[in-house]
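First to last, the sequence lines map onto chains X and V.
According to numbering that gives the first Met the number 0, the first sequence is numbered sequentially starting from 0.
According to numbering that gives the first Met the number 0, the second sequence is numbered sequentially starting from 0.
Some hints could be false.
Stated by the list, open to error - Pair ranges (Cβ atoms, derived):
#: 1; chain 1: X; residue 1: 480; chain 2: V; residue 2: 126; range: 43 to 53 Å
#: 2; chain 1: X; residue 1: 218; chain 2: V; residue 2: 21; range: 51 to 61 Å
#: 3; chain 1: X; residue 1: 324; chain 2: V; residue 2: 29; range: 12 to 22 Å
#: 4; chain 1: X; residue 1: 386; chain 2: V; residue 2: 19; range: 51 to 61 Å
#: 5; chain 1: X; residue 1: 360; chain 2: V; residue 2: 29; range: 51 to 61 Å
#: 6; chain 1: V; residue 1: 83; chain 2: X; residue 2: 258; range: 21 to 31 Å
#: 7; chain 1: X; residue 1: 225; chain 2: V; residue 2: 92; range: 50 to 60 Å
#: 8; chain 1: V; residue 1: 3; chain 2: X; residue 2: 483; range: 40 to 50 Å
Unchecked claim - Only pairs whose alpha carbons sit at most 20 Å apart, straight line, appear in this in silico SDA-like list of lysine to any residue:
#: 9; chain 1: V; residue 1: 40; chain 2: X; residue 2: 390
#: 10; chain 1: V; residue 1: 40; chain 2: V; residue 2: 107
#: 11; chain 1: V; residue 1: 52; chain 2: X; residue 2: 414
#: 12; chain 1: X; residue 1: 78; chain 2: V; residue 2: 89
#: 13; chain 1: V; residue 1: 114; chain 2: X; residue 2: 485
#: 14; chain 1: V; residue 1: 114; chain 2: X; residue 2: 426
#: 15; chain 1: V; residue 1: 89; chain 2: X; residue 2: 422
#: 16; chain 1: V; residue 1: 114; chain 2: V; residue 2: 89
#: 17; chain 1: X; residue 1: 78; chain 2: X; residue 2: 201
#: 18; chain 1: X; residue 1: 264; chain 2: X; residue 2: 198
#: 19; chain 1: X; residue 1: 471; chain 2: X; residue 2: 411
#: 20; chain 1: X; residue 1: 78; chain 2: X; residue 2: 261
#: 21; chain 1: X; residue 1: 485; chain 2: X; residue 2: 429
#: 22; chain 1: X; residue 1: 485; chain 2: V; residue 2: 121
#: 23; chain 1: V; residue 1: 36; chain 2: X; residue 2: 382
#: 24; chain 1: V; residue 1: 52; chain 2: X; residue 2: 413
#: 25; chain 1: X; residue 1: 146; chain 2: X; residue 2: 261
#: 26; chain 1: X; residue 1: 471; chain 2: X; residue 2: 437
#: 27; chain 1: V; residue 1: 114; chain 2: X; residue 2: 201
#: 28; chain 1: V; residue 1: 52; chain 2: X; residue 2: 474
#: 29; chain 1: X; residue 1: 146; chain 2: X; residue 2: 201
Source of the hints: derived by calculation from the structure; they are not laboratory data.
Being a predicted model, the structure only gives us computed values, none of them experimental.
Cβ coordinates follow ideal geometry from the N, Cα and C atoms, glycine included.
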Amino acid sequence: MIGIEYILLAGSVLILISTAIGKLSDNLGVPTLVLFLVVGMLAGSEGPGGIQFDDPGLASSIGIVALVFILFGGGLDTKWQDVRRVLAPAAGLSTFGVLVTALAVGGFAHYFLEVPIEYGILLGSIISSTDAAAVFAVLRSKNVSLKGRLKPLLELESGSNDPTAVFLTVGLLAIIRTPETTLVNLLSLFVVQMGLGGVLGYFMGRAMVVLLNRLRFSYEGIYPVFALAFACLIYASTAVLGGSGFLAVYIAGIVLGNSTFVQRKSLFRFFDGLAWLSQIGMFLALGLQVFPSRLVPVMTIGLLVSGFLMFVARPLSVFITLAPTTFDWREKLFISWVGLRGSVPIILATFPLLAGIPRADLLFNLVFFIVLTSALLQGWSIPLVARLLGLAAPLERKKSHPLEFEPVVGSDTELVDLTVPYHSDVVGRSIVELGLPSNSLIVLIGRGDQYLVPSGGSVLEAGDTILILVNKADLPQVREILSRRKAPDD
Amino acid sequence: MKITDILTEQFIKTGLPGATKEDVLNALIDLAATSDKVQDKEKIREAIFEREKIMSTGVGSGFAIPHGKTDAVTDIVGALAVTAQPIDYKSLDEQPVRIVFLLIGRDSMVGPHIKLLSRISRLMNKEEFRSRLLGARSPSEVLDILRQEEATYLEA
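For reference, chain V alone in the conformation it holds in the complex (with noise of 0.2 Å):
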């Protein structure tokens, strides 16, 4: 399964208004929730701040995967978003955060969520990559980056 399986512009923002972690996952959550896969947003917002709480998504370099699984999806959701401040996201590295992926699983799907969760993660490792995404200025572009990335990411 490719990230851009599951992204459409819909789900993608720039500019993301919001000065901490909350208001951030919040929005992003919200944004999420504008599919017809969801059936219970307060589910997955419980289940994306009880995942935070084991331990912060925010694995380094300005990026975070926030993630979690829960049977009020019907298939798996993402959202991403590039912030217009940085935010300070308890990160490991203690670098603020301006990308964020949010990426919603189901329960009994174990093995397509972590697929895509190291996808995400392997792609966002990459410095290149983090600056061309932090230079788009619309969702469509967001989306374009992404595929070209996960084209060339396919080829090597």
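One chain only, chain X, in its complex shape (with noise of 0.2 Å):
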């Protein structure tokens, strides 16, 4: 047994390494979890490091937990209002879209790599989801901005595609152990996953809310160790119980990402922190667990695989799926492009080792080499093709005006704009003369080009823009005095 402080001087240089190459990544263009894989290989046994590293049940347990924390992350920073748009297309990716691209691959694998069609077909479930993490790292990055509904419904859609996945893969696995298993029992275990996975999911967020306003703990430290636990509490229980874990801690994160809550920014930062070291822990372990000389058998019909997975698969997967909606075939044609493939297969491709089919372990190497290529062609070039395909949205300017905002999180106030009504009672009128609600202010006055800042003496006049700070249940009062007509005679 090897003590504890090597394991810690090993595992604390090579998260070092990982977050320093992580700014390579932005004068590369390579995405941050190649870079990742790519610490950990060299610092595997047949690398420079020379770590002996050879444990699928552990390198698979960290990625368990490592993506729970990033599902949960990625959750908390999806804007509801932006997805809500696009929650059917995403869900049919995620479910049907996924299955397609599992049995393309299945059949591709079968028909012309003469591999028996049970194992074809696990191979592509395996590798069926597109990585949330990849994909929001990609997309969240500087260089890319994109027009519309495509980003929500990518992001949503490598959210929320894992569980299809898993679920995908040890069924597959079932049938492959012991083939007296039927459709039927997988399609209402299918069911079962889902349904279980988001309704707790959902519940558990909403507990999650209250639970975090109610109580009142002594120390502010102590509410991102209780948000970390309930996390986990959310993906263990659900797992529990039969339902998908994943799904409901996504659904979780969703949920307290678009609730008020105390400590919000400070618990927003923990798990921003959280799911990057997640995701270098993960990598590095998965790095780790590949013997890159294993590779090189496996690169012929790697690129095979792949190659058919970019480039008939998955656009085949989201042109069947997304056929009845209003996307153009550009934006299908990206959406197929954004088919970044990440640690979810690897994870995956760690079961059928721990299960002990027979050659798991070539099928690991090949998904291995399978998400390298997906993630270094496929994610270096998304910005290129988002241009050439005409998606792209001119990057947001940042520019410094005398008056920038931000509606209050937790306060009902609001700044509102609104114009003096050219016949309104109140041209020609000061300030306090008006008779505005005591806790509301009129911050300023926009008169033609100029800004004036108001006193309580100041006159409006028609066709004024006036910002003013007020209490939401005080608006229909400050409506009512703008709009009070001026008596003919006066």
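From these two lone chains plus the hints, build me the complex, please.
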């Protein structure tokens, strides 16, 4: 047994190298996850690092825990307002679309590479989901800005399709090991998994909001601890009850992220950091688990499957699933290209290893190779493809102006701009005369090309724009005052 | 910033069809959404109608200035229409509306948004200017009238 100090030494050095190398990703345009994997591979027994690590069980456990935090963090960052409108197409892509991808790859492997059909579909299932971590990282990076509904759709899809892939993989393994498993069994299992995952995730997310607001911890530092444990509880209890824990944490994250609760900012920070640590830890572990020399024999077949996945299976699945929607062909083509594979396939590829089915290590290496090619080729070229297809939006310009404001979370006060109607009774009156609600304040008057800082004696003119800070409940009263008409003989 | 900085012929319509306030607002939003500064038309629609709920933007004398702020545009976007028929816009003075100026600002750019709003509502408060706009037969004519008016406004 190696002493803990050596494990910590190796772990901390690897993580530090990974954090430093993250900067390279901006310059090279290579997705960070690939860099983390490479660090893991170099540190492994076949690289200069020489660390002996061959424990698929541990790698798989690290991967699952990491994925829980990545999905929860991804959910927190998902704005419900944005995703609401893409709910149906995203749900289609992450269930039916995933199935189409898995079957297409399975068919290809069976008919062209002479793999037994159930192994082919197992391979297809393992690589059928797009990667939330990779997609989030690429779409939120500084050099892509997308038009319209594409970004929320791609993020929601990548966050919610892993449960389907997990399910398909587990199902296929069941079929391979116990051939009496029927499709009906599997289908009902699917419904239970998704239904339970969705419902439990939603309600436990709500419960978390209520608890965060009710429990008044004496120490601020306790809040992240509470949230961390609760996220794990959501995953574990859902999984124990037979639901999809991954779906549950993702949905709970969305619920939490779109609610008002105490310590919101610090919890967001905490989970952001945790998600990064998870990504680095997971890819390092998976990189350590792979032996580069064993990738060489699967290169040819890996390239074939990977090419088929990128250029045929994924587009096929996207075009079929989105046929009834209003997305045009360019958008569909782009969605097809943002089919980045990432950690989930590698984690899933450890399942057959653990199940002990024949040739599982070949499968693991093959999947690893496919993920590498997809992450490299697609991850690198996404900004370029977006521009070529005319889907890139101009990058937001950051300007500074005398006034900037953000809605204050948890406060019911709003800053509203109102135009003084031409025939309003307030025209020609001073602000003190108006009788505005006591806790409202006119912050600024725009008149022609001027800003006026108002005082109580300022007189309003027709067509003035007033910026008023007002309690939401008092808005009707303000409207009523401004809407009073000047008497005809005034 | 001048009105004619954000308004080109592309964003001007004369004889805009439509019978209701909703028709006209939707048509103007569609027109504004032809701009490459617009990332998400539906968000704009939401912002505009949401703002309209707070208080009607029909400021009177047959003019309305629907506006809203959103993060779905990269810069300020505007659109101007003279409608084919008078529209019941729930204006304060109960006069039907014929001239509608749509202004969409960025959440983070309150200053320029307010300046443009004030400038537009100030210009439109002139009877003579409004009647010239109503007489315009094409977007390019509207634009000419606007340019002239802004020029004299600046000198004044």
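Verification of the hints:
1. 480(X) / 126(V): 43 to 53 Å: violated, 26 Å
2. 218(X) / 21(V): 51 to 61 Å: holds, 53 Å
3. 324(X) / 29(V): 12 to 22 Å: holds, 20 Å
4. 386(X) / 19(V): 51 to 61 Å: violated, 40 Å
5. 360(X) / 29(V): 51 to 61 Å: With Cβ atoms ~57 Å apart, the hint holds.
6. 83(V) / 258(X): 21 to 31 Å: At 46 Å between Cβs, range violated.
7. 225(X) / 92(V): 50 to 60 Å: holds, 57 Å
8. 3(V) / 483(X): 40 to 50 Å: Given a distance of about 34 Å, which is not inside 40 to 50 Å, the answer is violated.
9. 40(V) / 390(X): Within the cut-off at roughly 15 Å; holds.
10. 40(V) / 107(V): Holds: residue 40(V) and residue 107(V) sit about 18 Å apart, inside 20 Å.
11. 52(V) / 414(X): Holds, because 15 Å separates the two Cα atoms, which is no more than 20 Å.
12. 78(X) / 89(V): The hint is violated at about 33 Å.
13. 114(V) / 485(X): violated, 26 Å
14. 114(V) / 426(X): holds, 19 Å
15. 89(V) / 422(X): The given pair, whose Cα atoms are some 14 Å apart, holds under the 20 Å limit.
16. 114(V) / 89(V): violated, 25 Å
17. 78(X) / 201(X): Holds, because 15 Å separates the two Cα atoms, which is no more than 20 Å.
18. 264(X) / 198(X): violated, 26 Å
19. 471(X) / 411(X): holds, 6 Å
20. 78(X) / 261(X): Measuring from Cα to Cα gives roughly 18 Å; hence the hint holds.
21. 485(X) / 429(X): holds, 15 Å
22. 485(X) / 121(V): holds, 18 Å
23. 36(V) / 382(X): Judged against 20 Å, a Cα distance of about 18 Å means the pair holds.
24. 52(V) / 413(X): holds, 14 Å
25. 146(X) / 261(X): This hinted pair is violated, its Cα atoms lying about 33 Å apart.
26. 471(X) / 437(X): holds, 13 Å
27. 114(V) / 201(X): violated, 44 Å
28. 52(V) / 474(X): Distance ~11 Å between residue 52(V) and residue 474(X) Cα, so the pair holds.
29. 146(X) / 201(X): violated, 29 Å
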